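**Student:** Chains A and B, in that order, give the protein sequences.
Add 15 to the 1-based position in the first sequence for the working numbering, that's all there is to it.
Add 49 to the 1-based position in the second sequence for the working numbering, that's all there is to it.
Honestly, the hints are just simulated from the structure, not real lab data.
It is possible that part of the hints are untrue.
[To be verified] Okay, the calculated bits of chain B under chain A, using three or more residues with CB under 8 angstroms as the criterion: (1) 178–186; (2) 203–215; (3) 301–311; (4) 428–437.
Since the model is a prediction, treat every value here as computed from it, not as a measurement.
For every residue, glycine included, the Cβ atom is placed at its ideal position computed from N, Cα and C.
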Amino acid sequence: MSRAVITGCGVVSAFGVGARVFWDALSEGRAAVGPIRHFDASGFPTRVAGEVPVLRTDGAWLREYLGGRLPEPVLQEWEASGALRDRKIGFGWVAALEAWHQAGCGEDASDTWLSMALGLEQAFLEDFGPLLRKEGARTSIDWATEQGASLPQVRFRSRIDLCADGLVRMLGLTGPVVPHVSACAAGTLSVAHAASLIERGAATRVLCGASDSMVNPLGLGGMSRLGAPSPRAEPDACRPFDRRRDGLAMGEGAAMFVVESEERALARGARPLARILGWGSTQDAYKTTAPLPDGAMARRAMQQALRRAGLAARDIGYVNAHGTGTPLNDPAEARAIREVLQDVPVSSIKGAVGHLMAASGAIEAAACLLPFQSDCLPGTAHHRERDPECDIDVIGERPREARVDAVLSNSFGFGGQNATVILGRGA
Amino acid sequence: MSADVIGWAWRTPLGDSVETATSRLLAGERAATDKLRFETRTYACRLGAPILSEPRRSRHARFLRRMGLFGLEAAHEAFQQARAHGCDASGERLGIFCGYGGLRAHWDDMMEALSGQHLEQGGTWERGLKRIHPYWMLKHLSNNAHALLAADLSARGDGATYGGATAGAQALSAAIRALEAGSIDVALVFAYDSLLEPETLVDLAARGATTTGDLASLVAPYDVHARGFVPGEAAAALVLQRPGASGALASLSAADGADGHTSEPTAETLAAVASRLAQTDTVVDGSGRALPALDAAERTALASLLGESARLTAVQAAFGQMGAATTLVQAIALASCLRRGMLPPISGLREPAEGPLVPVREPVRTSARSALALSTGAPGLAGAVHIRSPSE
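So that you can see chain B by itself, here it is in the shape it has in the complex (with noise of 0.2 angstroms):
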């Protein structure tokens, strides 16, 4: 079960064109920074990998937060891609499918609700929630993205939103699903998330997933001294069509599943996932949790299914770990790779675990028209993409 991809993009850490953010992937960039929108002195983590881009303005601000503009910029820009390729769906045939991370109530909005409440004395309303913004709710409605980009499109088909670190993967397997079944014929799916929020990096730094360093000591997914990821944050879109669609970008088949841990999956989980989509691939793109252990145990388990020589490459690395926006990423960024006839390089790889896969350290140029990519998240979730590039 595929689709072919006619139009994408993407607001990454690493730039806002999928051009522009490819080139620098392959040039070994990666976009960690200890500038972030707020004050993280005296976080344990004090890294992230923000988009550096405001939205633009919006007649949708009212209604959606900082991310949520993204996602609708990659979403707007990804069909524009698609109706230049002669896409014209619209209506019932047009589905759209949304991966969102990031359903949290943002205290930012709400501080004149909580700053006089005492709730042992009671009367919350008259101390502060009666001046919620009537649109509060709005804004933490959890498919108001969806919802304005159908009306934007007038996208009338089936689709859903789903939550999650996995949803992107879960929302393209839906996607797939659908048009799969003849329900549409063009599928919009869209995701995003932001990892760089105050309680979430308390959160996962907490966790131990997060790197607790500085910029200088930073170090690399599968780096024998790594020491936790760099959470990020992005918003992809891609437009999806039944296989045989000309002058498509990809193809790509997704997969998810859980293994009811309360932090990350098993390596074995996640090799499970990989195995209902990899074919003979010799590139894989890691989950890049940069932390010994866990790096370890995933090299094993997916050199069990693709040998010990398959190509082990870290997207994460360069663009932080991007949760729910994550596997569409991911999708865009080995395709775009793989139409360039090359493999990215693990960013800041210095001294490579022991281990099965060979990590990939500089750009290569590579014959490979395939490739599988991995990401994983709390609780014990797995998500996989696998990236079909179209030959010459």
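Extracted from the complex, chain A is given alone in its bound form (with noise of 0.2 angstroms):
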């Protein structure tokens, strides 16, 4: 059986773009929500988020960053459509790229598969305008109208399939592509997946990880009127695992791995950046906007990752933990983690850079690679008050030095869907 390794980490956080800006913020326990500034955000309940320091994600800022892997024209060509207006598949790209670059990926790579992550199509609320139709106090879409049908694909909606149909382009490649949709799991699962495909054999190489932006009028008004984010407008309305935690703060951007066998990755000359060791996957059957309360699947999922890595609790150094910050993942997550793991080192960086939905299981698994680069375990932003409900070792608002060989990351979906990894230190 294959070792799965990392060779490659990109990401796009509201730390900026780059892997190294995000540890470094990370490391420095610095944090980055803060006021919405790329759309009017005034009005709506929540707005605040952990934006990409990005106003418009168009091809002038894509240029920077993607080198001239896509072709002008073709980079024209997407901006004509409309597509880049959605966040996610820029940032996607970039991270990719970086995780390409990093890796030493070149032409040779074409047959790598795409494992990859994706939040829902977003909707262009400006293209609806001149196709809405009002009879009496009707309001419908006309898609039919001249107008409506000869708008290219990508207008009123980006199909969420276009980042991972870009990358394929950009970067030629030739391997089946798997898009995860599991919510906020889904980038958790899709690393995972990467992993099983090098462990059995049935790829070399695999492009995994995840992108998503909820933070549009759209994303942000649908998970306003669910209730999920904090009510608080302030920079610090993520606090996990404190007592006064009262919500979630969304976040954007991504984060992409290479992942390939560590025989083929050291007999290449690349350095693994981190040992996919191992992962699990359960499902709540519970509730679909809440966790079982006393954690029995998300323990069962952490189990089962730490049985295919072959190690005990006490070889975990550190929980990169889910994290919410709302009231009822958090001591759910907290009981699951005692019972399984007792006192190890728990963290969120959901407080510093919000949460990704389905891109928070990739973002954390590269915040877990930081323990490996320079022994420092990432703290919680705006954790100040310990939650007796929520009994484990959280580390504060500042990072922890420490060095430690295996570390484990939790991801929870809405619908009750858990999945873990576990990554060791590289060779």
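Once you've looked at the hints, go ahead and assemble the two chains, each given alone in its own frame, into the complex.
**Tutor:** Put into structure tokens, the structure is as follows:
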């Protein structure tokens, strides 16, 4: 059996573009949730997010990071189609190219698989005006008008797989494309899937990870109506495991990885950033919007991952929690962690960068590489008051120095989908 | 890597029961109609193959739209059938794998939020977004059908939801892998998709994929006059166990691939995916895209794999193209036909185009116990399933 390793990592986050930018910010204990700037969010109950610091993810912005990978006419075609307004498309491309380059992948890597988690397609409200037809009290969209029918396919909505589609074209990939859509657990599942493909020899290399942005009027509006975000439009909106926690902060961004077999990586002189040691996946079978209060199936996902990794609980030196900062998630997760891993240091980066939804598991896997880079465990931004209901060793706002050899990352999706991945220090 | 099928069910344009729809398929019927759920007279594509029934009343209707409800119905029905055969899996030994091709924002749920917008003037929340239903986001949750089904069945094992045009094939592959790895004992795989939505019809027609003619002039795939497919919709479910299950309905394996093309995958890609499954098959259910150049290339590529005399059918000529649900529907349809010792005809095929493979024009008896089925979708996606009917 081949051991899967990560040889490239790319990140786009609220801290900016680049994995190094992300790791430096985490190791300095910074937080980046703040007022939304790229559209007018005044009037929304939620006006803060972990927003990537770019106003427009347009061709000009992408040119800076794509380095000519996408020929200019093709980039112009994408821009003209309106697709680039969907921020997750550009984020995913930029993160993937960083991972690709870091791993040293070249033209000979075209047989790479793509295992990618993506969020809901985005609706562009500004496209609807000309197509709305009012008949009395009823309003509908007249799709068949000449104007509607002649618009490019990406008007109104950006298909969920557009980001993956662009990557396939940009990198000339010919391997299968697997879009993971298991809500907030999808990013972690994409990494686990990549590792399983490598371990059983089905793929020689997998580009995996996730990109998402719901920091747009419809995403923000929908989540606000659902009542998931903190009602406080403050930079400390998300306070994971804190006694005063009252909801999540939305975030956006991407994290992508190149995963390949350890032997192959070492043979070609690539430096593994981490090994993917194990993973687990379970379902709460409880409620769409609430986790099992006792965290039983989250616990089982962690136990499955430990078993697959061949590790004991004491081998895990750090847990990157799902840690949404919501009243229900954190105590359930804390119970599960305590039962499985006792006093292991735990943190959540969602207070710092927000909840990246489909991409949360991927960016948190990227955060899990920090301990292997610099013996530093990320802190938990805005965690100030311990909650007896969350009886675990929560790393506070300041990162903690520690040398660890194995770390565990949890992702729990709406609908009760639980996913855990364990990473180990690279060779 | 294969699995045994111990339960199946579907909701299709040819009917809701496997027996009825199989009989109609074998009779050469096709579900295409110009009477869709919305007015299409001004659309380029005016035909479709809709499911004619309505979802049953369900407490999950507040979280799921029509196709998701069909998906749950099919999944429950398939699982009941498996239980009747002695399957008692639950908890962590039961996994659910879902293929969902329709991860789309549904505008009709949002009119109240959209109709008052003047974006240049801002105030999007006050102008309507604040009136979005609190469950609107949950209705668009990608894995909500998966989550609700898991809760209904207390299924707590491995599983995931996959998206895109070949999501059904991917869900099937993942389920078979999980069974092989031993992380679960039973996998419930379900998929649902509808191409019969206004913006999807506009999209498909703009890409030249769908027929633009009327019902009277509709031509089947692999016909010399073929001019695009009929968009359809379906939900289907399979219950799988590791090989060796007693009373299995069929056994199957699945594969998928992609080639980076923005529209349809090449015939070579299709053949490469098929080659991972095909053994000595003499029957193939083609992807049925109904465009002469694509049809011809597919036949040539498959002939190099299966031989020129392999029988070619196309169940999608009868059901319409069903997106992410296609692979599961193909698996059930072909297994069901093979169990009857019959091959279904390509519905509506009048003048087969010249080329390798032998298009099935009338229902024919067969001694074949296995078949290969292929499906495609944009961007450049190919799916395949290999079905083996148990020997008598």
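**Student:** Now look at each hint and say whether the structure bears it out.
**Tutor:** Each hint tested on the structure:
1. As drawn, the region 178–186 of chain B meets chain A at 8 residues by the rule of a beta-carbon pair under 8 angstroms; at three or more, the given contact holds.
2. A stretch counts as covered by a chain when three or more of its residues have a beta carbon under 8 angstroms from one of that chain; for the region 203–215 of chain B and chain A the count is 11, and the coverage holds.
3. For a cut-off of 8 angstroms, the count of residues in the region 301–311 of chain B with a CB near a CB of chain A stands at 6, and the three-residue condition holds.
4. Under the rule that three or more residues need a Cβ within less than 8 angstroms of chain A, the assignment of the region 428–437 of chain B holds, with 3 such residues.
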